[in-house]
Structures are given as C-alpha cells and as structure tokens.
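Chain by chain, the residues run as shown.
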Amino acid sequence: MEKTINLTLKVWRQNGPKEKGRFETYQVSNISTDSSFLEMMDILNEQLVNDNQEPIAFDHDCREGICGMCSLYINGRPHGPDGEITTCQLHMRKFKDGETITIEPWRAAAFPIIKDLIVDRTAFDKIIGAGGYVSVNTGGVPDANAIPIARPAAEEAMDAASCIGCGACVAACKNSSAMLFVSAKVSQLALLPQGKVEAKRRAKAMVSKMDELGFGGCTNTGACEVECPKSISIAHISRLNREYLKSRLSE
Amino acid sequence: MSNFLTSSIGKKFLMSISGLFLMMFIIVHLSINLLLIFDDSGDLFNQGAHFMATNPAIKIMEPVLALGFLVHIIWSLVVSFQNMKARPIGYKQLNNSKSSSWASRNMLVLGCLIFVFLVMHIIQFFWKIKVTGDPLLAHVVVGGEEMENTYLLVSSLFKASLIYSLIYVVGAVLLGLHLAHGFWSSFQTIGFANKIWLKRLQFVGVIFAIVIAIGFSVIPLYFQIKF
Ligand code: HEM
Ligand code: SF4
Ligand code: FES
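First to last, the protein sequences are chains D and L.
Using my numbering, you'd call the opening residue of the first sequence number 1 and step up by one each time.
Using my numbering, you'd call the opening residue of the second sequence number 1001 and step up by one each time.
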C-alpha cells in the first residue's frame, strides 16, 4: 500500500550570483514514499507556481544517475542520507513523516551560486580543458587486441572513468578540494598506454588549473569517497599525487 | 620547480615529509624514554640521555629536528588557512561524522594543542638541560663516566605532581589522535598507496598511534603509581 508523508523544507533561496541569499521554509503534504526526491521538489515547485511564487531553481537532467547534473546538499550530506546514489536516485522513503529537511547548494568558492540551489560547475570543465584528454586523432576504432592492456589496469581505469563530474566530492570535502574528481580524470588515462604519453604534462596542468580556480587542498579525510555516488576510491588520489610528484620532480 | 612548493600537492608534500621525519623522531624519543621505567636506579636512562646528548650524529640532527617542526607547523598553518578560504560560506547543517573521522577533520586543532604541550615540555626539560641547568641535574657517575642526572630531573617532576603527570598523559593521547590520521595520510600524500596498501597503512597507523599514546602515557603513570 502506498504511504504518504508530510514534510517541512528549509530551502536556500538566492535570486542571483551577487544577491544575498536566505533560507525559506515550505510545507509539502501527502508526498508518496515511492516518489523520488526531485519529484518531491517538482511537487513543491508546482505548489509555488500555483501560489504565484517563483519556483525553486535546481539542477537535474537524466534523472537516472548517469549525467551528474543533479546536486543538493540534503540534511548535511551531498545527495542526502543514502549512500552511493545521486539526488535523482534518492527516494522519499528515506525520510520520516513530519521531518524537517534542510536543502542547500554545493558550497565552494570555485562553485559560485547562479540561482537558488544551482551552482556553476564550469570549473570542472576548465580542469578537463587543461589536460584531461589525449591530444591525438585516434582515427577509427582499433581492434580490441591491438594494444595489450593488463586486466587490473583496464578495470581500474574503468572504475575511474565512472566519475560523472557531479561535484559531490567538492561539496563533501571540508576543504572544498577537487582532488577526487581530478584524480579520477588523471587515473582513467594514466593507467592506459594511450594516456601514458602525456601523463606528466597532464598531471601538472590539471593540478595547477585546480589550484588556480580556488579549490582547497586535500587533507585525506576521505569524505569524498564516502559521498561519491560512483564510489571513486581515494586510492586514485594517491596515484594523482604520485603522477604529479613524478612530473614536478623530474623537471 | 619554482612554484612546486606553492602548489597544493607541493605544500602537502612538505607536510608529509616533515611529518614522516617527526614520526621517526618520536619513535627514537619514546624508545629512550622507556628506559625510565626499566631501571629505578636511573643509570640506564642517564646513559641513554648522555648518549643522545654527546653523539655527533644526534647533535647534527638537533637543528634538523627544529627545522622539521618549523616546516611542519608553518605549512600546516598556511595549508589550513588556504583550505578555509576555499569555502567562504559554510553549510547550515553539517552531518560529516558518517563520512570522515573526527581526527582527520581536526588535525589543526590537535596540532596546535600538541604545540602548546611541546612548549611546556621544552621549558620543563630541554631548556633546563641545554641552557639554564638545574640543581637536580648535578652530575653522577655511571659506569665510570660522569654525566648529568637527567633521570632525577624527570622522575622528580612525575613523582611530585599528579597534575603534570596527567597533562603528559593528555599530551600523549593528543599525539596519538594526530597520528591515527597522520600516519597513513603521510604515505597517501607522497603517493605510496593503492587500494590494498591504503587498508594496510590505515591499520598500521592505528596500531602505531596506540603504541605512541600508551607508550608515553605509561611513563608518568609509572612514577605516580609506584612512588
Ligand atoms: C611530534 C609532533 C608531530 C608529529 C609527529 C606530526 C605528524 C604529522 C603527520 C605524519 C601528518 C600527516 C602529513 C600528511 O598528511 O601528509 C601531520 C599532519 C598535520 N599536522 Fe602534524 N605532527 C606533529 C605536530 C604538529 C604540530 C605542532 C602542528 C601544528 C600546529 C601540526 C599540525 C598538523 C596539520 C594541520 C596537519 C595536516 C593534516 C592533514 O593534512 O591531514 N602537527 N602531522
Ligand atoms: S569523483 Fe565522484 S563525487 Fe566527485 S565528481 Fe566524480 S562522481 Fe561526483
Ligand atoms: S539528474 Fe542525471 S545524475 Fe541526477
């Protein structure tokens, strides 16, 4: 049988990047525990529109955990109380009837707020632009066995490549550090022969772009790994440190 | 190389190297100090202290140790300050105890408290031994060699003062907490970790932290309880 709950929501509202923000309190009722968190937000927005109020701006796209667009810092954790999921995969059954839910945007100097709960994550694109690619024209698809790659390396590169660039690692980190994201993007290439050629240049360029954009440094708290929807391991951060030190100390 | 030391990883590299060095120092320091409780005549510890005071290698290491502390402390402040700047507006509601350990989030606080302890500790022992001298240090002869009675200086403090003994226990626990995170973190920072070694280093780190905390705590407690 369907169960419904009533909730109080404390939501960060901010009209624009330079505007002063504030928390607004809203009530929603008869929310099905089978609905997703973003569906609950849709219901709230419909309610606001019907009351002639401005709906809450929040990011979303695929709504199936693959694009990395949805964000939201829910009750003190990125993507809410459940583990290894994005916000669009969060179910309302994780909340109790009568609960108060606090919803905040990602907080980081490098992720400025655009409006309400939407932050500007182009800093990630800039880091990728600094070196997160292989700069040769690879032509057509090569035969699968043309370049031998050890299975463990292929597996780990694939694990790193599962990063969807959501930014939860930055949001979770007490230093707003982007090291988990950058380490995933460096690892997915550093482990493969195609990526090794430019490994030194890449690690150096991506880390210096990361620093320049105002992300904090890593103090190995490990919060990123726990909050990452794709469980990217902090072992990749150690690899990034290794790649970066190799690159700088061989200059 | 010019901007290596100002890059985020470069700064953390210095913290890690200085931290690893301080950990090696702390192992030697604990080993010598434990001689305090294995010979109540004090001869063993006095010989150990005399060796440390006169050995040329140790003499060279003394300024290096001071430098190690200095680098570790200064960079810890720089790194911490810059990391705070990376989040100008904080969260209203924070629930981070599920995703990280308390020690890892409070390394600066722990470090600063250790620093306060360190200053007190230096005034009580190092300063008296090296600079001002103390009547308790009056020379004794051990095994035909004349040396300062460091044992008397240390044991007198712990026998006489319950308060100071307890402060030393607290200092040892603070250092243990700092190292429970710091040990594996320093290896992670220099790039010496992968999925398997992470687990191993974290395990060894906890054991190491417990040994350090208990090892240093035992000394003042021994004097309090036995005498
Ligand atoms: C005997 C004394 C000390 C030892 C053995 C020690 C050891 C360490 C080690 C091994 C690390 C990890 C380095 C890394 O993650 O790369 C560390 C980190 C740190 N230490 Fe110390 N430390 C000592 C004293 C201090 C003092 C006096 C302060 C400060 C005022 C301090 C502040 C810090 C801070 C802020 C960190 C950074 C935490 C992080 O990045 O995870 N430490 N320490
Ligand atoms: S590492 Fe994880 S948390 Fe960080 S951006 Fe990638 S998927 Fe998101
Ligand atoms: S909306 Fe695409 S991952 Fe959530």
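I should point out that these hints are in silico values taken from the structure, not numbers from a laboratory.
Built from N, CA and C at the ideal position, the CB exists for glycine as well.
Each hint should be verified, as a subset may be incorrect.
As the list claims (entries may be wrong) - If you want the footprint, here are the derived chain L segments under chain D, 3+ residues with CB under 8 Å:
no., segment
1, 1005–1016
2, 1104–1113
3, 1190–1204
4, 1210–1218
Stated by the list, open to error - Taking lysine-lysine and the DSS-like style, the derived pairs with C-alpha atoms no more than 30 Å apart in a straight line are:
no., chain 1, residue 1, chain 2, residue 2
5, L, Lys1092, D, Lys230
6, D, Lys20, L, Lys1159
7, D, Lys200, L, Lys1128
8, D, Lys115, L, Lys1092
9, L, Lys1159, D, Lys246
10, D, Lys209, D, Lys20
11, D, Lys196, D, Lys115
12, D, Lys3, D, Lys18
13, D, Lys209, D, Lys115
14, D, Lys94, D, Lys230
15, D, Lys10, D, Lys94
16, D, Lys246, L, Lys1092
17, L, Lys1059, D, Lys246
18, L, Lys1199, D, Lys126
19, L, Lys1092, D, Lys10
20, D, Lys200, L, Lys1159
21, D, Lys18, D, Lys209
22, D, Lys115, L, Lys1085
23, D, Lys126, D, Lys96
24, L, Lys1226, L, Lys1011
25, D, Lys3, L, Lys1128
26, L, Lys1011, D, Lys230
27, L, Lys1092, L, Lys1128
28, D, Lys209, D, Lys126
Stated by the list, open to error - Facing chain L, a subset of chain D residues (Cβ under 8 Å, in silico):
no., residue
29, Gly65
30, Cys67
31, Tyr73
32, Val226
Structure-based check of each hint:
| no. | hint | result |
| --- | --- | --- |
| 1 | 1005–1016 | holds (count 7) |
| 2 | 1104–1113 | holds (count 3) |
| 3 | 1190–1204 | holds (count 7) |
| 4 | 1210–1218 | violated (count 0) |
| 5 | L:Lys1092 to D:Lys230 | holds (26 Å) |
| 6 | D:Lys20 to L:Lys1159 | violated (60 Å) |
| 7 | D:Lys200 to L:Lys1128 | violated (51 Å) |
| 8 | D:Lys115 to L:Lys1092 | holds (18 Å) |
| 9 | L:Lys1159 to D:Lys246 | violated (52 Å) |
| 10 | D:Lys209 to D:Lys20 | holds (29 Å) |
| 11 | D:Lys196 to D:Lys115 | violated (40 Å) |
| 12 | D:Lys3 to D:Lys18 | violated (41 Å) |
| 13 | D:Lys209 to D:Lys115 | holds (25 Å) |
| 14 | D:Lys94 to D:Lys230 | holds (19 Å) |
| 15 | D:Lys10 to D:Lys94 | holds (17 Å) |
| 16 | D:Lys246 to L:Lys1092 | violated (40 Å) |
| 17 | L:Lys1059 to D:Lys246 | violated (33 Å) |
| 18 | L:Lys1199 to D:Lys126 | violated (33 Å) |
| 19 | L:Lys1092 to D:Lys10 | holds (10 Å) |
| 20 | D:Lys200 to L:Lys1159 | violated (58 Å) |
| 21 | D:Lys18 to D:Lys209 | holds (24 Å) |
| 22 | D:Lys115 to L:Lys1085 | holds (22 Å) |
| 23 | D:Lys126 to D:Lys96 | violated (40 Å) |
| 24 | L:Lys1226 to L:Lys1011 | violated (46 Å) |
| 25 | D:Lys3 to L:Lys1128 | violated (73 Å) |
| 26 | L:Lys1011 to D:Lys230 | holds (29 Å) |
| 27 | L:Lys1092 to L:Lys1128 | violated (49 Å) |
| 28 | D:Lys209 to D:Lys126 | holds (7 Å) |
| 29 | Gly65 | violated (19 Å) |
| 30 | Cys67 | violated (23 Å) |
| 31 | Tyr73 | holds (6 Å) |
| 32 | Val226 | holds (4 Å) |
Violated hints, listed in ascending order, are 4, 6, 7, 9, 11, 12, 16, 17, 18, 20, 23, 24, 25, 27, 29 and 30; each of the other numbered hints is respected by the structure.
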